[in-house]
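**Student:** Listed below, chain by chain, are the residues.
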Amino acid sequence: MSAAGTDAIPKSAYVEVEGLRRVFDVSKPWLNRVIEREPRQSLKAVDGVAFAIPRGETFALVGESGSGKSTVARMVVGLLPPSAGEVRISGVSMTDPRQEAARRRLRARIQMIFQDPYASMNPRWRVGSIIAEPIRAFNLIQGEAAIRARVGELLRLVGLHPDDARKYPHEFSGGQRQRIAIARALASQAEFLVGDEPTSALDVSVQAQILNLMRDLQDRFGLTYLFISHNLAVVRHMATRIGVMYLGRLVEVGPKAGIFASPRHPYTRMLLDAVPDLAHIGRARTPVSGEIPNPIDPPPGCTFNPRCPHANDRCRSEVPRLIDGVACHAVEEGRLPA
Amino acid sequence: MTDPVLSVRDLRVAFETRRGTLTAIDGVSLEIGRGEILGVVGESGAGKSVTGSAVIGLIDPPGRIVGGEIRLGSERIDDLPPEKMRRVRGRRIGMIFQDPLTSLDPLYRVGEQIVETIRTHTDLSARAARARAIDLLTEVGIPAPERRIDGYPHEFSGGMRQRVVIALALAAEPELIIADEPTTALDVSVQAQVITLLKRLCREHGTAVMLVTHDMGVIAEAADRVAVMYSGRIAEIGPVAEVVRAPRHPYARGLMCAIPTLSDTAERLTQIPGAMPRLTAIPPGCAFHPRCPSVFGRCQVERPEPIPVGGARVACHLYDARGEAA
Chain A
1 MSAAGTDAIP
11 KSAYVEVEGL
21 RRVFDVSKPW
31 LNRVIEREPR
41 QSLKAVDGVA
51 FAIPRGETFA
61 LVGESGSGKS
71 TVARMVVGLL
81 PPSAGEVRIS
91 GVSMTDPRQE
101 AARRRLRARI
111 QMIFQDPYAS
121 MNPRWRVGSI
131 IAEPIRAFNL
141 IQGEAAIRAR
151 VGELLRLVGL
161 HPDDARKYPH
171 EFSGGQRQRI
181 AIARALASQA
191 EFLVGDEPTS
201 ALDVSVQAQI
211 LNLMRDLQDR
221 FGLTYLFISH
231 NLAVVRHMAT
241 RIGVMYLGRL
251 VEVGPKAGIF
261 ASPRHPYTRM
271 LLDAVPDLAH
281 IGRARTPVSG
291 EIPNPIDPPP
301 GCTFNPRCPH
311 ANDRCRSEVP
321 RLIDGVACHA
331 VEEGRLPA
Chain B
1 MTDPVLSVRD
11 LRVAFETRRG
21 TLTAIDGVSL
31 EIGRGEILGV
41 VGESGAGKSV
51 TGSAVIGLID
61 PPGRIVGGEI
71 RLGSERIDDL
81 PPEKMRRVRG
91 RRIGMIFQDP
101 LTSLDPLYRV
111 GEQIVETIRT
121 HTDLSARAAR
131 ARAIDLLTEV
141 GIPAPERRID
151 GYPHEFSGGM
161 RQRVVIALAL
171 AAEPELIIAD
181 EPTTALDVSV
191 QAQVITLLKR
201 LCREHGTAVM
211 LVTHDMGVIA
221 EAADRVAVMY
231 SGRIAEIGPV
241 AEVVRAPRHP
251 YARGLMCAIP
261 TLSDTAERLT
271 QIPGAMPRLT
281 AIPPGCAFHP
291 RCPSVFGRCQ
301 VERPEPIPVG
311 GARVACHLYD
321 ARGEAA
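So the protein lines, in turn, are chains A and B.
Everything in the first sequence is counted per the UniProt record's numbering, starting at 1 for the first residue and increasing by one.
Everything in the second sequence is counted per the UniProt record's numbering, starting at 1 for the first residue and increasing by one.
Treat the hints as calculated values from the structure; they're not laboratory data.
A few of these clues could be false.
As a list, the in silico EDC-like pairs of lysine to aspartate or glutamate whose alpha-carbon atoms are at most 20 Å apart [said to hold, decoys possible]: (1) A:Lys256 - A:Asp219; (2) A:Lys28 - B:Glu155; (3) A:Lys256 - B:Glu267; (4) A:Lys44 - A:Asp297.
To give a feel for the contact side, a few chain B residues facing chain A, derived at Cβ under 10 Å [said to hold, decoys possible]: (5) Gly42; (6) Met160; (7) Glu181; (8) Asp215; (9) Ala241; (10) Leu255; (11) Gln271; (12) Arg291; (13) Val295; (14) Arg298.
Built from N, CA and C at the ideal position, the CB exists for glycine as well.
Chain A extracted, bound-state conformation (with noise of 0.2 Å):
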């Protein structure tokens, strides 16, 4: 793996993260902070994550809870404003107020499938009308015939009946309304689709029918992915590229198969080996201690370093920068057995 090939930011990428950061602030009410003598306190949610995604590839972000990869997800599609850094998606800023008129002509072509489509969808609006919601937001297509004829194509295009555009979201099972989810993605002619934990929430049968169903329509329409998940098994499957995060930051970067091939980085090797695989039946492990820490009160230097076997004391003082598609010091210093 050289540098070029895993860091360098392809110039023809879709989609550019810059020094991403997002930080909430969690502090108790004004009154309580005066009595308790409090300071203000904030939670850096997401702090320095940068990557590209060149158009037609899939780019996975893993992690456990709390590790960021959800805001990293909503800052790229703009539900929530970056305190820092810089998205851009086919060259247009998505923060710049000067480019304003061009990226409300990109906005449709972002979308976005969250978890739990039933949550995202009006239980009271039949299945024709959520699909064809964006086409009417964007005016992209008038009269209502030609509307109700792409509603019905792209109904049989995720693998539905043309005649289900009648029912309401209650009427189906949890794999079919993730399959309404991205019909109206698509409606919009998405070329970006963004999906947060998109099939966790489904039995594992149903699961694969969407992930082939997403993997078909990336070759058929050249969509490009932002994949979150935790699930590795399904990052491996769906990625290009991968992006590990642990407590808001990137640990490791770089094409799916050297990822799950040689995971450089500690706490990579960790999750891989954590992970409970059919491949392993009966194995008995030693399983890493600890857990995520507070994201309020991280520790310092490398936020995992009280749960790395090899962390020294330049690992508690100093945060690592991301090199080479790794940010951790054993790795730079040559301390981590290969």
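Based on these hints, arrange chain B on the given structure of chain A.
**Tutor:** Then chain B, alone, in the frame of chain A:
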């Protein structure tokens, strides 16, 4: 199996609803031996949790056991009066649920809750019970238990809370533990710790465990035997190595292939078409037949009974009279 700790025979659980009687569990039979972990897997609606609830006698009305029997050791427990069953729960059967916060009272210190459980089920003095509670917390790997015993549940992290719940389940040295999705709410690194802990404790105490989960990876690592459920019935039950590596029932096969793993290289996942039928519309014959790639005439009319194939029992007409099928 000689002297199983738990033996369930032809269990049937039904829910009375306005639309008629729904059969959630339809003829489930299984046994768990001393120190053995039986994994019960299935997708949502397969009846795995209801099976666990039936064993501990906690099926929510309008659900009730309408047939079969459940034996703990030599004693039949499915027809015990509620007060007697309450004594069995906690004393002879421990429970671990998905969300540890639902098992812990937020207003009481962790130690008080463990001591209460110990004193309810044994005749230890308050002092001895507290010492035993500290031992239990040590055993489940809580650091500084002498101090942590006086903490409240909210002061513990998710993984530590689940350890406290395991300590509670073990408090009265039960013969059987029902663990319903014990690691589902936990992050993978913590999940690995909890699985390892559960395995070690069962081995050391000889406790039988029914491990209910949808996660085949957890089953593969933790269980000795596994029962694959579909539509309230057991499709296949047998040693974990056989059922996971070489599943025989077409549903079990489809399920294993549909799971993305860390080692497979296939571009597409094998998918089972369709979804599990709702309880209101379970197909006649084999419940899996509308989705089955190997379906033939008999499957649509006659329900398959579990028959021994290799080390497992498989409910599929493919294996009937032919022994090992292709």
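**Student:** All hints, please: hold or fail.
**Tutor:** Here's how the hints hold up against the structure:
In summary, the hint linking A:Lys256 to A:Asp219 is supported, as the alpha carbons are separated by about 18 Å, within the 20 Å threshold. With a C-alpha separation of about 18 Å, the suggested pairing of A:Lys28 with B:Glu155 holds against the 20 Å cut-off. Between A:Lys256 and B:Glu267 the alpha-carbon distance is near 13 Å, which keeps this suggested pair within the 20 Å criterion. Restraint check for A:Lys44 and A:Asp297: satisfied, since their Cα atoms lie roughly 9 Å apart, inside the 20 Å limit.
Given the 10 Å rule on beta carbons, the hint for B:Gly42 holds: about 9 Å separates it from the nearest Cβ of chain A. At a threshold of 10 Å, the smallest CB-CB gap from B:Met160 to chain A is about 8 Å, leaving the interface hint in force. At its closest, the beta carbon of B:Glu181 sits 13 Å from a beta carbon of chain A; the interface hint therefore is violated under the 10 Å criterion. Taken as an interface hint, B:Asp215 checks out: its beta carbon lies about 7 Å from the nearest beta carbon of chain A, inside 10 Å.
Proximity of B:Ala241 to chain A holds as hinted, the smallest CB-CB distance being about 5 Å (cut-off 10 Å). Annotation: interface hint on B:Leu255 holds; nearest CB of chain A at approximately 6 Å, less than 10 Å. For the restraint placing B:Gln271 at the interface with chain A, the shortest Cβ-Cβ distance is roughly 4 Å, inside the 10 Å limit, so the hint holds. Among the interface hints, the one on B:Arg291 holds; its C-beta lies about 9 Å from the nearest C-beta in chain A, closer than the 10 Å criterion.
Evaluation of the B:Val295 hint against chain A yields a violated restraint, the C-beta minimum of about 16 Å exceeding 10 Å. Because the closest C-beta pair between B:Arg298 and chain A is about 24 Å apart, greater than 10 Å, the hint is violated.
Checked against the numbered hints listed earlier, the structure breaks hints 7, 13 and 14; every other hint is satisfied.
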